[in-house]
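Engineer: Use these hints to put chain B onto chain A, whose structure you have.
Now for the letters of each chain:
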Amino acid sequence: MIGGTGEILFLTCLAIVVTIIHTFLKQAGRDEFAYLTLVLGLAVGLIEVIPVILDLFHQVKTVFNLY
Amino acid sequence: MEVLFVIIGLALVTTVLVLFVNESKVPGLGVVISVFVGALIFIQILPKISYVISIFEELASRASLNTFYLATIFKIIGISYIAEFGAQVCRDAGQGAIATKVEFAAKVLVMVLAVPIIAAILESVVRLLP
Chain A
1 MIGGTGEILF LTCLAIVVTI IHTFLKQAGR DEFAYLTLVL GLAVGLIEVI
51 PVILDLFHQV KTVFNLY
Chain B
1 MEVLFVIIGL ALVTTVLVLF VNESKVPGLG VVISVFVGAL IFIQILPKIS
51 YVISIFEELA SRASLNTFYL ATIFKIIGIS YIAEFGAQVC RDAGQGAIAT
101 KVEFAAKVLV MVLAVPIIAA ILESVVRLLP
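Note that the protein sequences, when read in sequence, are chains A and B.
Here my numbering is used: position 26 in the first sequence is 26, and no number is missing along the way.
Here my numbering is used: position 110 in the second sequence is 110, and no number is missing along the way.
All the given hints hold, so there is nothing to weed out.
Okay, derived cross-link-like pairs now, DMTMM-like style, lysine to aspartate or glutamate, Cα gap no bigger than 25 Å in a straight line: (1) A:61 to A:48; (2) B:75 to B:58; (3) A:61 to B:84; (4) A:61 to B:57; (5) B:48 to B:2; (6) B:75 to B:103; (7) B:107 to B:92; (8) A:61 to B:58; (9) A:26 to B:23; (10) B:101 to A:55; (11) A:61 to B:103; (12) B:48 to B:84; (13) B:101 to B:84; (14) B:75 to B:123; (15) B:107 to A:55; (16) B:48 to A:55; (17) B:107 to B:123; (18) B:75 to B:57; (19) B:75 to A:55; (20) B:48 to B:58; (21) B:107 to B:84.
Simulated DEER-style distance windows between Cβ atoms: (22) A:36 to B:88: 28 to 38 Å; (23) A:57 to B:22: 24 to 34 Å; (24) B:58 to A:35: 54 to 64 Å; (25) B:47 to A:6: 20 to 30 Å; (26) B:59 to A:17: 52 to 62 Å; (27) B:58 to A:3: 27 to 37 Å; (28) A:40 to B:59: 50 to 60 Å.
Now the stretches of chain B that chain A is said to cover, found in silico as 3 or more residues with beta-carbon under 8 Å: (29) 8-15; (30) 21-33; (31) 41-50; (32) 69-80.
Note that these hints are calculated values from the structure, not bench results.
For glycine and all other residues, C-beta sits at the position ideal for the given N, C-alpha and C.
Just chain A, same shape as in the assembly (with noise of 0.2 Å):
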C-alpha cells in the first residue's frame, strides 16, 4: 500500500464534484460562477500534488548527491 492512493481518488472525485457544480451553475445561467469553479477545481487539485513533486525533488536530490 502506497500513501497517497487516497489523494487519487479525492482528486477524481473533485473533478466529478466541480463537473456537476459547473453544469448546475451553468444551467442557472451564472456563467462566470461555473468558470470560477473551474480554476477552483483546478487550484485545489495543484495545491494537493505540488507537496509530493517537490517531495520527489529533494529525494532525487539526496539520492544523486545533485546540490
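Structural biologist: What follows is chain B alone, placed relative to chain A:
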C-alpha cells in the same frame, strides 16, 4: 518484487481514472493526476536506486577509483531522470515544444558536468604525447 505489483495496480487504476477525468469539464485535473502518480511511482522506486548507487560507490572505493568521476556520473543520471519526468509530463499534456526545451536544458547541464572529465582525458592524452 512486491513494489512492482503495487506500481502496476496503481498505474492501471489511475489510467482508467484519468480517462474518466479527461471526459469531464476539467481535463487539466487529468494531467495533475498523472503527474501525481508519476511522482508517487518515482518515490517508490528511488530507495532501490539508492541501494544500487551505494553498492557502486563501495565497488569504486575498493578499486580506489577517483570519486569525482563516479559522482559526476550519478549526477548525470539524476538529471536525466528528472528531465525525462518533466518532459514526459509536458508531452502528455500536448506541449511538445516545452518538452523539447526541457530536454535541451538537461542536455546542456549534462554537458557542463561532463566537460571537466573531457578536459581531464585531453590532459592525459597531451601528457602521453612527447
